[in-house]
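In my numbering, the protein residues as written are 1 to 255.
Note that these hints are calculated values from the structure, not bench results.
Quantities reported herein were computed from a predicted structural model and do not represent experimental measurements.
All C-beta atoms in this analysis are idealised placements derived from N, C-alpha and C, irrespective of residue type, glycine included.
Be aware that one or more of the hints could be misleading.
Stated by the list, open to error - Using 27 Å as the maximum straight-line C-alpha spacing, the simulated DSS-like pairs for lysine-lysine come out as follows:
| # | residue 1 | residue 2 |
| --- | --- | --- |
| 1 | K50 | K77 |
| 2 | K209 | K165 |
| 3 | K197 | K120 |
| 4 | K165 | K120 |
| 5 | K129 | K172 |
| 6 | K129 | K209 |
| 7 | K129 | K50 |
| 8 | K197 | K216 |
| 9 | K172 | K216 |
| 10 | K120 | K77 |
| 11 | K216 | K165 |
| 12 | K120 | K50 |
| 13 | K129 | K197 |
| 14 | K216 | K120 |
| 15 | K172 | K197 |
| 16 | K216 | K77 |
| 17 | K120 | K209 |
| 18 | K77 | K209 |
| 19 | K209 | K197 |
| 20 | K120 | K172 |
| 21 | K165 | K129 |
Claimed, not checked - Restraint-style ranges between C-beta atoms, simulated for each label pair:
| # | residue 1 | residue 2 | range |
| --- | --- | --- | --- |
| 22 | N55 | S195 | 39 to 45 Å |
| 23 | E124 | D37 | 24 to 30 Å |
| 24 | A43 | E124 | 22 to 28 Å |
| 25 | D211 | P187 | 23 to 29 Å |
| 26 | D211 | Q190 | 18 to 24 Å |
| 27 | S195 | Q97 | 32 to 38 Å |
| 28 | K165 | E95 | 23 to 29 Å |
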Amino acid sequence: QVCFCLSLLTLPDLEMPGGEPAWSLRPDGSGVVEWSDGDLTDAQLLAFSKTRMSNVLAALKAKVGDGACECVLDLSKNQLTGATGLAPILASIREHQVHVTVLKLFKNPINDDGAYALAKHVREAGRMKMPLMELHLSDNGMGPEGCLALMQAAQDCDSYPAQLKLRTVHYKRKCLWLRLERSALVPEPQAVLHSAKAAGCVLCVTDGKDDPVDPKASVHLHFSFLSFSGTIPVEGKGYGPQPVKGKGKGKGKGK
Numbered sequence: 001q002v003c004f005c006l007s008l009l010t011l012p013d014l015e016m017p018g019g020e021p022a023w024s025l026r027p028d029g030s031g032v033v034e035w036s037d038g039d040l041t042d043a044q045l046l047a048f049s050k051t052r053m054s055n056v057l058a059a060l061k062a063k064v065g066d067g068a069c070e071c072v073l074d075l076s077k078n079q080l081t082g083a084t085g086l087a088p089i090l091a092s093i094r095e096h097q098v099h100v101t102v103l104k105l106f107k108n109p110i111n112d113d114g115a116y117a118l119a120k121h122v123r124e125a126g127r128m129k130m131p132l133m134e135l136h137l138s139d140n141g142m143g144p145e146g147c148l149a150l151m152q153a154a155q156d157c158d159s160y161p162a163q164l165k166l167r168t169v170h171y172k173r174k175c176l177w178l179r180l181e182r183s184a185l186v187p188e189p190q191a192v193l194h195s196a197k198a199a200g201c202v203l204c205v206t207d208g209k210d211d212p213v214d215p216k217a218s219v220h221l222h223f224s225f226l227s228f229s230g231t232i233p234v235e236g237k238g239y240g241p242q243p244v245k246g247k248g249k250g251k252g253k254g255k
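Using the sequences and the hints, build the whole thing.
Shown next, in the form of structure tokens:
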């Protein structure tokens with residue numbers, strides 16, 4: 001597998017005229033696709049998927065040859081909400097056999113429709129033997145059904161615990177590291193976990209990403225998912241419920 005670095009830091013307008021984003025291959029096999037903190041909307045992401053994404057991925061494949069390319073995709077701190085932009089981007093990634101191991105979408109007001117598009121990717125990429133290993137969705141606009149769909153997709157795809165050697169993920173990671181804390185429309189996160197376990201999902205909740213987990217787990221959650229309650233309107237960049245004071249140790253660097 002080969003990783004790549006693809007710069008997507010500027011989009012002058014919705015039409016995105018001229019040229020393709022710059023991309024490069026790194027000798028050490030590490031790479032990142034970054035398009036964060038830019039007020040990116042669903043419409044802009046959809047336009048990119050229609051006009052440029054296939055060309056960029058085709059050019060990449062021409063360089064690396066057959067097989068899957070491994071990468072990190074960062075779309076955090078934007079204005080993405082539903083499936084309009086995410087679904088076609090993720091479908092194109094699967095079509096071109098680009099293995100997104102880490103997907104960062106924290107601080108986006110992503111709703112349940114967006115969660116269903118992500119769940120489809122988790123399920124289909126897993127069945128293609130290209131499982132997503134980290135999904136960062138803190139500060140989102142999802143409800144219980146969206147959160148549950150993601151957990152169920154990880155369980156159903158039969159790819160976790162994964163047995164892969166990846167450059168972009170710690171070698172000990174075998175299940176999906178799923179960050180869902182501060183989900184704006186989840187007043188009772190414990191009930192979500194109860195429903196997931198009742199549906200057959202094998203979950204593990206710990207203080208940090210590198211903590212030991214159940215070897216049979218399909219989903220690994222940060223304990224702070226359970227440390228928030230109550231809902232507030234989702235505005236701006238997806239800030240969700242207020243923290244419950246006095247709970248948790250603040251351990252763990254992931255978003």
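The hints, checked one at a time:
A distance of roughly 22 Å separates the Cα atoms of K50 and K77; the hinted pair therefore holds under the 27 Å criterion. Pair hint K209 plus K165 holds up; C-alpha atoms about 18 Å apart against a cutoff of 27 Å. This hinted pair checks out: K197 and K120 have alpha carbons roughly 20 Å apart, not beyond 27 Å. Taken as a hint, the K165 and K120 pair is honoured in the structure, with Cα atoms around 24 Å apart against an allowance of 27 Å.
Restraint check for K129 and K172: satisfied, since their Cα atoms lie roughly 17 Å apart, inside the 27 Å limit. Using a Cα cut-off of 27 Å, the hinted pair K129 and K209 holds, with the two alpha carbons roughly 22 Å apart. Using a Cα cut-off of 27 Å, the hinted pair K129 and K50 holds, with the two alpha carbons roughly 26 Å apart. Using a Cα cut-off of 27 Å, the hinted pair K197 and K216 holds, with the two alpha carbons roughly 13 Å apart.
Distance restraint check for K172 and K216: the Cα-Cα separation of roughly 13 Å lies within the 27 Å cut-off, and the hinted pair is therefore satisfied. Proposed proximity of K120 and K77 is supported: the alpha carbons are some 22 Å apart, at most 27 Å. Our distance criterion of 27 Å between C-alpha atoms is met by K216 and K165, whose separation comes to about 18 Å. With a CA separation close to 20 Å, the supplied pair K120 and K50 stays within the 27 Å bound.
Between K129 and K197, the direct Cα distance comes to roughly 24 Å. Compliance with the 27 Å bound is thereby established for this hinted pair. Between the alpha carbons of K216 and K120 the distance comes to roughly 22 Å, so the proposed pair stays at or under 27 Å and holds. The hinted pair formed by K172 and K197 meets the criterion: a straight-line CA distance of about 24 Å does not exceed 27 Å. Using a Cα cut-off of 27 Å, the hinted pair K216 and K77 is violated, with the two alpha carbons roughly 32 Å apart.
Our distance criterion of 27 Å between C-alpha atoms is met by K120 and K209, whose separation comes to about 24 Å. With a C-alpha separation of about 21 Å, the suggested pairing of K77 with K209 holds against the 27 Å cut-off. Restraint check: the Cα-Cα separation between K209 and K197 comes to about 20 Å, which is no more than 27 Å; the hinted pair holds. At most 27 Å may separate the alpha-carbon atoms for a hinted pair to count; K120 and K172 meet this at roughly 25 Å.
Pair hint K165 plus K129 holds up; C-alpha atoms about 12 Å apart against a cutoff of 27 Å. With their beta carbons about 42 Å apart, N55 and S195 fall inside the hinted range of 39 to 45 Å. For the hinted restraint 24 to 30 Å between E124 and D37, the CB-CB distance of approximately 28 Å keeps it satisfied. In this structure the hint that A43 and E124 lie 22 to 28 Å apart at CB holds, the actual value being about 24 Å.
The hinted range of 23 to 29 Å is satisfied by D211 and P187, whose Cβ atoms lie roughly 27 Å apart. Distance hint check: the CB atoms of D211 and Q190 are about 20 Å apart, consistent with the given range 18 to 24 Å. One distance hint, 32 to 38 Å for the beta-carbon pair S195 and Q97, holds here, with the actual separation near 34 Å. Hint check: K165 to E95, Cβ distance near 24 Å, so the stated range 23 to 29 Å holds.
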